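**Q** With the hints as constraints, model all of the structure from the sequences given.
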Amino acid sequence: MDLHIAGQSPDRDERSAVDSVLGPLQAGKVESYHLQQERPDRSKRHLLLPVLHAINSRVGWISPGALNYACSRLNLPPAEAFGVADFYGLFSMKPRPRAVIHVCDDIACLIRGAPAICEQLAGRLGPPGAAEPSSGLTWLRSPCLGLCERAPAALVSAAGPKPWECALAPARADALLAAADQPEHRPEAPPVPTSRSVPQQGQPGLRLLRRVGRLQPESLKDHLAQGGYEALRRAVELGPERVIREVMDSKLVGRGGAAFPAGRKWEAVYRARSSQPVRYLVCNADESEPGTFKDRVIMEEDPYLLIESMTIAGVATGCERGFLYVRGEYPLAFERLSHAIRQARRHGFLGKRILNLDLSFDIEVRRGAGAYICGEETALFNSIEGYRGEPRNKPPFPTEVGLFGRPTLVNNVETLVNVPGIVLWGGRSFAAVGTPGSTGTKLFCLSGHVGRPGVYEVPFGASLASLLELAGGVGGSGRLQGVLIGGAAGTFLSPRELDTPMTFEGTRAIGAALGSAVVMPFDDSVDLSRILLRIAAFFRDESCGQCVPCRVGTVRQEEALFRLFGGDVQGIGQAPLQLAEIGQVMSDASICGLGHTASSAIQSALARWDEFSGLRQGLNPDH
Amino acid sequence: MEKKKPAIQERLPFNEPAPCPTVPVPPGPIPAPPPAAPRDQVTLTVDDKTVRVPEGSTLLEACRTLGIDTPTLCYLENLNPVNVCRVCVVELEGSRTLVPACSRRVENGMVIRTDSERVRLSRRMVLEFLASSVNVSTAPELQAYLEQYGGQPERFGPAAPPEAAEEPGTERPAVDCPTDGRTAATVAQPVKIDNDLYIRDYSKCILCYKCVQACGEEAQNTFAIAVAGRGFDSRISTEYSVPLPDSACVYCGNCIGVCPTGALMFKSEYDMREAGTWKESDQERTDTICPYCGVGCTLTLHVQENQIVKVTSPLDQEVTRGHLCIKGRFGWQFVRGKGRKK
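Chains as they are written, first to last, in our numbering: chain A, 1 to 623; chain B, 1001 to 1342.
Don't take each hint at face value.
Claimed, not checked - With the C-beta cut set under 8 Å, the calculated list includes, among others, these residues of chain B facing chain A:
#, residue
1, 1084
2, 1085
3, 1086
4, 1089
5, 1133
6, 1155
7, 1180
8, 1223
9, 1227
10, 1237
11, 1239
12, 1240
13, 1246
As the list claims (entries may be wrong) - Beyond 12 Å from chain B on every Cβ pair, some chain A residues (computed):
#, residue
14, 21
15, 184
16, 207
17, 222
18, 276
19, 338
20, 347
21, 364
22, 424
What the hints contain is simulated information worked out from the structure, not anything from laboratory work. Source: prediction; values computed, not measured. Here a beta-carbon is modelled for each residue, glycine too, at the ideal position from N, C-alpha and C.
**A** Right under this line is the structure:
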């Protein structure tokens, strides 16, 4: 391939942004295209996403000069790199103001003050994204920022020589404007006690949240003083096969939404060692399901726990390189994890000769850039490799052909942080907690109209009603209309279904799914049709666009919902049938889980049509 | 550590005189190459019929062995299947979802249904989705399938008016609702005419990815175009949507060769269609060998009223599997050149 790079050459800023990731340009050193094809893991293409981040935060947008320079350094065709950059929501492909306020108007924030913030910002700055680049400040609406327990949430980012990002929740319009007005200085976010996110903080009986609030998240010393790396030492003592057996015995299943037995993945990747010496571990920390924030809390408050868990997984399955893919909207988690990794490496807990033994394992952190679909495991691989985050067809499954074409173990954050406990106390004792089909404890994300929103850890088996009670009961008006469980890809339940046990098998029995363990109650004042339309808009925005059922189906679904809720009286008769058919083709024929579940919450709400007073209100004509 | 191979002089007895300087050529025709090792056969059931196909075949190939008509749009024999259009989906017993026939490999004991209610619904919906969002007027195959499956694309409402001339997708619509449900969103946009050889009408694009494959590593290795944007906003684009002359395009036209909907079209064909003089039924197709170089690609000349109006190449052509270069594809004007000796 002859690289054809025409047009603008980079200015100093653009060059320094790219060089900050790739190092200074060395004459005559160009990566061979052959390498990209034959040994993608040795090629530098996987640095495309970090390079794009560097450009966006230095220049403020992905400028042609910078992209051209990055392409010449990585030996990439500009059209392809443009296609990758244009895929992500956090990158701008045209000039925009240096400071950007991302206001979450997703379901949890929608009922807790986001519309008022949007209105105030629109009054000051005009419609979202409309401001001139020279004005220095603009605002955008954003999908769920994963700060639902402190809704309404917003994320302010400022590009420049010293770029910064800052999440504000609860957010106020004046505070956002004040923060964004001085892009040179990172604002001091008002301190929020961890008990706001983890109301159970300090209570006995917690496993995963045991240490939250009791240690300095940045401090390796604290981690070591509170039992850190005991589990890794124990895992090394036990040896890979025994560790994997304990994970099997624990019956731990994936906490990311698909509920696949973790032990089976571990074993498959371990078994592949004879034919495939190079294998990878990937931690899926691209937590983007609306209403989900449990992984964020773990990563922010106990980062070393995750780093140690990944190390155990890497050592047990024989992967020497791990990737930690953190959602782009989690700047604090990214910062703390990067710091924790540096510390662990410096003190011999990562890198070559871990614990002074003949073991090596290291972790690279990657930041997502605003794409829900990258939480799908194969889309995540593509994203890491420097391609568009489009899911791959399965089979083959990641344990056979995963990251860089190698067998790959991919686990969610919460799944992994269960592992140290399993290693220390044994799989059987782990499985003794919970129900036979759902072992251990579970983190639930309670937000919306609930007394004390936050992450709650309970042994599997608790009913939906008892979870709500634990979190202070129904908030808002106190009269419950319905509960969304599992997030935008989840299911609406009516008050009559509150005795549903919140286990994998319990939710499955009523045709629902635990998903990412979102529990979001809505009081009777909420216009549920607005919520459904927001969910439909979410999937329309977040569909990757690769397959027809999802690319067009998510659009047609939103249109049909508008007709259903009174936008067009003529269309009402047809709308329910259309929605059912659209739902069926998306769940039957889409490539990946996003398409399969893009109609699930909407269909579940329509199935409980008579029980939700807020659906019959129809659309308020003012909206 | 790999054992070091002996130096080439040690392996080959160059120092000794060759025993026989020439190998006598046996009389008679050149013998055929030995047959390839037979592949293992896989047995599966398709629509209650048992079929045996070689290992590594796809479900689509198994269906075709049985003569079962399976619609395809993003599939083409000379490209790797990307299975994005999902119109070829079939029902696989034991699978929660339908599976794409074009890419799914056969396995022993598979039980497949190609004409169940579920399959028909999915195929009809995919065709309706495409026909309601894309201009399919120059995609006769798609129209035929639409009719066969009883699709009614107009039921999603009248087509939305085309977006203003602004380049689509430069600003993500984000969560500001661009719809009110009164109209059905489409990909309508102006035709891109930026060179003399071919035009790009992306209002006819179903995003089958074939042009990107042909431009990239599956044929031309030029990478002038890629998929950009996301969701409904996804589109085929050069970097920053620059016109083709500013891009890496080498005008091989292999993207036109694989386009199933006429979104990519010879300028000659486009002009004739605009003028109303394009008459496909009157055209004669003649196969010939490209006169330019020694590769010997087969050209299919499409001739209307004694004029070459476009050039294609058969997909099963051994040399380049239907792909050509700029000269073979576009360089036919000399045939009727004024100075040419008759």
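**Q** If a hint holds in the structure, say so; if it doesn't, say that too.
**A** Structure-based check of each hint:
Against a cut-off of 8 Å between C-beta atoms, the interface hint on residue 1084 of chain B holds, since the closest Cβ of chain A lies about 5 Å away. Using the Cβ-Cβ criterion of 8 Å, the hint placing residue 1085 of chain B at the interface with chain A is satisfied: the shortest such distance is roughly 5 Å. A hinted interface residue such as residue 1086 of chain B counts as satisfied when its beta carbon comes closer than 8 Å to some beta carbon of chain A; here the least separation is about 4 Å, so the hint holds. Hint status for residue 1089 of chain B: holds, given a least beta-carbon distance of 5 Å to chain A, under 8 Å.
Of the supplied interface hints, the one on residue 1133 of chain B holds, with its beta-carbon coming within about 5 Å of a beta-carbon of chain A, less than 8 Å. Because the closest C-beta pair between residue 1155 of chain B and chain A is about 6 Å apart, less than 8 Å, the hint holds. Taken as an interface hint, residue 1180 of chain B checks out: its beta carbon lies about 5 Å from the nearest beta carbon of chain A, inside 8 Å. Given the 8 Å rule on beta carbons, the hint for residue 1223 of chain B holds: about 3 Å separates it from the nearest Cβ of chain A.
Satisfaction of the interface hint for residue 1227 of chain B is found here, the shortest Cβ-Cβ separation to chain A being roughly 5 Å, below the 8 Å cut-off. At a threshold of 8 Å, the smallest CB-CB gap from residue 1237 of chain B to chain A is about 7 Å, leaving the interface hint in force. Hint status for residue 1239 of chain B: holds, given a least beta-carbon distance of 4 Å to chain A, under 8 Å. The restraint placing residue 1240 of chain B at the interface with chain A holds, with a minimum CB-CB distance near 6 Å, inside the 8 Å limit.
Against a cut-off of 8 Å between C-beta atoms, the interface hint on residue 1246 of chain B holds, since the closest Cβ of chain A lies about 6 Å away. For residue 21 of chain A, the shortest C-beta to C-beta distance to chain B comes to about 20 Å, beyond the 12 Å cut-off, and the non-interface label holds. With 12 Å as the threshold on Cβ separation, the claim that residue 184 of chain A sits away from chain B holds: the shortest Cβ distance comes to roughly 27 Å. Taking the minimum C-beta to C-beta distance to chain B, about 32 Å, the non-interface status of residue 207 of chain A holds against the 12 Å cut.
Under the 12 Å C-beta cut-off, the non-interface status given to residue 222 of chain A relative to chain B holds; the minimum distance is some 40 Å. Separation of residue 276 of chain A from chain B is adequate, the least Cβ-Cβ distance of about 19 Å exceeding the 12 Å criterion. For residue 338 of chain A, the requirement that its beta carbon stay farther than 12 Å from each beta carbon of chain B is met, with the minimum near 27 Å. Distance to chain B confirms residue 347 of chain A as a non-interface residue, since its nearest Cβ pair spans about 34 Å, more than 12 Å.
No Cβ of chain B comes within 12 Å of the Cβ of residue 364 of chain A; the nearest lies about 25 Å off, and the non-interface call holds. Every CB of chain B is more than 12 Å from the CB of residue 424 of chain A (nearest about 36 Å), matching its label as outside the interface.
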